[in-house]
Amino acid sequence: MLDDVPRPLAGSHAVAAGELLFVGGLLATDYRTGIAPEARGSSGLPLVGETTRAQAEYILRAAEAIMTKAGTTFDQVVRVDQYITDRRAAAPYLRARRTVFSLPRRPASTLLTVPGLLVPAATVSAEMIASFAPKAGIFTDEVPVNFPGAPHGATAGPFVFVQGQIASDFESPIAPAAAASPFWYETPVERETEYIVRNLATILEAAGSSLEDVVKAHVYLVDLADFAEFEVVWRRHFGSRPPARTVVSVTSLGSLGCRVEVNVIAVRRGQPRQYVETAQAPPREPLCESQAVRAGDFLFVSGLVAGDFRHGLAQEASVDPNAPFFSCPVERQVRHVLRQAEALCVAGKTSLDRLVAAQAFFVDLRDYYSFARVWNDTLGDAQPAVTAVRVPESALCPGARLLLDLVAYAP
Numbered sequence: 147m148l149d150d151v152p153r154p155l156a157g158s159h160a161v162a163a164g165e166l167l168f169v170g171g172l173l174a175t176d177y178r179t180g181i182a183p184e185a186r187g188s189s190g191l192p193l194v195g196e197t198t199r200a201q202a203e204y205i206l207r208a209a210e211a212i213m214t215k216a217g218t219t220f221d222q223v224v225r226v227d228q229y230i231t232d233r234r235a236a237a238p239y240l241r242a243r244r245t246v247f248s249l250p251r252r253p254a255s256t257l258l259t260v261p262g263l264l265v266p267a268a269t270v271s272a273e274m275i276a277s278f279a280p281k282a283g284i285f286t287d288e289v290p291v292n293f294p295g296a297p298h299g300a301t302a303g304p305f306v307f308v309q310g311q312i313a314s315d316f317e318s319p320i321a322p323a324a325a326a327s328p329f330w331y332e333t334p335v336e337r338e339t340e341y342i343v344r345n346l347a348t349i350l351e352a353a354g355s356s357l358e359d360v361v362k363a364h365v366y367l368v369d370l371a372d373f374a375e376f377e378v379v380w381r382r383h384f385g386s387r388p389p390a391r392t393v394v395s396v397t398s399l400g401s402l403g404c405r406v407e408v409n410v411i412a413v414r415r416g417q418p419r420q421y422v423e424t425a426q427a428p429p430r431e432p433l434c435e436s437q438a439v440r441a442g443d444f445l446f447v448s449g450l451v452a453g454d455f456r457h458g459l460a461q462e463a464s465v466d467p468n469a470p471f472f473s474c475p476v477e478r479q480v481r482h483v484l485r486q487a488e489a490l491c492v493a494g495k496t497s498l499d500r501l502v503a504a505q506a507f508f509v510d511l512r513d514y515y516s517f518a519r520v521w522n523d524t525l526g527d528a529q530p531a532v533t534a535v536r537v538p539e540s541a542l543c544p545g546a547r548l549l550l551d552l553v554a555y556a557p
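Take the sequence shown: its position 301, counted from the start at 1, is 447 in this note's numbering, and no numbers get skipped.
No wet-lab data here; the hints were simulated from the structure.
Take the hints with a grain of salt, since some may be wrong.
[As the list claims (entries may be wrong)] Calculated cross-link-like contacts (lysine to any residue; reagent style SDA-like; alpha-carbon spacing at most 25 Å):
| no. | residue 1 | residue 2 |
| --- | --- | --- |
| 1 | Lys281 | Leu357 |
| 2 | Lys495 | Arg419 |
| 3 | Lys281 | Ala325 |
| 4 | Lys281 | Phe293 |
| 5 | Lys215 | Arg500 |
| 6 | Lys281 | Arg207 |
| 7 | Lys495 | Tyr421 |
| 8 | Lys281 | Leu249 |
| 9 | Lys281 | Glu351 |
| 10 | Lys281 | Ala162 |
| 11 | Lys281 | Thr348 |
| 12 | Lys495 | Asp454 |
| 13 | Lys215 | Asp443 |
| 14 | Lys215 | Pro557 |
| 15 | Lys281 | Gly303 |
| 16 | Lys495 | Asn522 |
| 17 | Lys215 | Phe247 |
| 18 | Lys495 | Ala163 |
[Claimed, not checked] Beta-carbon label-pair distances, calculated as ranges:
| no. | residue 1 | residue 2 | range |
| --- | --- | --- | --- |
| 19 | Ser473 | Pro183 | 36 to 46 Å |
| 20 | Arg456 | Arg512 | 23 to 33 Å |
| 21 | Arg512 | Glu317 | 15 to 25 Å |
In this text, a Cβ means the ideal position worked out from N, Cα and C, and glycines have one as well.
Construct the complete structure from the given sequences, taking the supplied hints into account.
Structure, rendered in structure tokens:
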């Protein structure tokens, strides 16, 4: 931990493992009084842009302190995921970000709008992955990019990190090739997903990788009702050996017309990987995703909920309706999810005390304190970097209050 960066209630500031540094979701807070005084902006000018600028600068200073302590720099960041609570926060945040990430060295990035962060007044949060191995950008003229001269992602060591992809050519809200036909019954998300996957294949090819080499995917949907049509396309391309995957509900994406965004982590072509399966954790069927994939020095786990995708919420994670006040729903769910995580870690030849990164997606952030209590009791001092955000809809499992995405060190 760093003395000059406030400590979160759950998780470490960052975890270094192998050739990667995982930085948890940073907020402009002291974790006591809300927004830190130096990040509150001008009380005489309480505007979204002014407050977001101050928060972004605070977050970037904290990130710099963490990376300096770990022996790396912003130039070595290979992926950054950002969450904003108001679309108007994007521009001031990105202006601040440009002061630390030069365009040709920009990391793979995803910027998402969500309904809430751990501090009600917070407008932005950011988590990062940096590499201790040499980093290189991915460039191709065959896929549109939001800023001319920006890379489509980054490579470092055995890994390829691809920029979040949406179905826009950045000239129109939806690329013409991804737009549903007005003359017949076509599903917009199916067309968008096909466009995205084709672009992913092109970017991966430019990086010396392929769709077959994807080990982890994050899928962000504006409406979870679109998932079934998304899955039709996903299964077409990844049906034989699907990567680990986490599907997350969000409020909106970079282009208001787009309904789905996908980012991926892959390995370079020819690099080994292991698809981890265990009967001690719920099966992923009928979804097209592996329980976990081990690649490089890491185990990438599919998003965990306290149940499965055939029967819903597990009985042992549910509160007895005849005694609803004698147990806490989210605590039961967190314990169930951590038991799954432990089983997957064992199957992947690692352990819970080697978790390096966790993303916790809540439907209600009032559950966070109970989550942190169980989390800390279970993990003790062996804490991964943690990001916590609120999402607009429950996970694909009805009744789930928490969706947990995990990465473990598995050398």
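Results for each hint:
1. Lys281 to Leu357: holds (21 Å)
2. Lys495 to Arg419: With Cα atoms ~13 Å apart, Lys495 and Arg419 stay inside 25 Å; holds.
3. Lys281 to Ala325: violated (35 Å)
4. Lys281 to Phe293: holds (20 Å)
5. Lys215 to Arg500: Roughly 20 Å between the alpha carbons, so the hint for Lys215 and Arg500 holds.
6. Lys281 to Arg207: Holds, at roughly 22 Å.
7. Lys495 to Tyr421: holds (12 Å)
8. Lys281 to Leu249: This hinted pair holds, its Cα atoms lying about 14 Å apart.
9. Lys281 to Glu351: Roughly 17 Å between the alpha carbons, so the hint for Lys281 and Glu351 holds.
10. Lys281 to Ala162: holds (16 Å)
11. Lys281 to Thr348: Since the Cα atoms of Lys281 and Thr348 sit roughly 20 Å apart, the hinted pair holds (cutoff 25 Å).
12. Lys495 to Asp454: holds (23 Å)
13. Lys215 to Asp443: With a Cα-Cα distance of about 22 Å, the restraint between Lys215 and Asp443 holds, given a limit of 25 Å.
14. Lys215 to Pro557: Holds, at about 23 Å.
15. Lys281 to Gly303: holds (8 Å)
16. Lys495 to Asn522: holds (23 Å)
17. Lys215 to Phe247: Given that 25 Å is the threshold and the Cα spacing comes to 19 Å, the pair holds.
18. Lys495 to Ala163: Holds: Lys495 and Ala163 sit about 16 Å apart, inside 25 Å.
19. Ser473 to Pro183: 36 to 46 Å: holds (39 Å)
20. Arg456 to Arg512: 23 to 33 Å: Once the Cβ atoms are compared, 29 Å apart, the range 23 to 33 Å for Arg512 and Arg456 holds.
21. Arg512 to Glu317: 15 to 25 Å: At 42 Å between Cβs, range violated.
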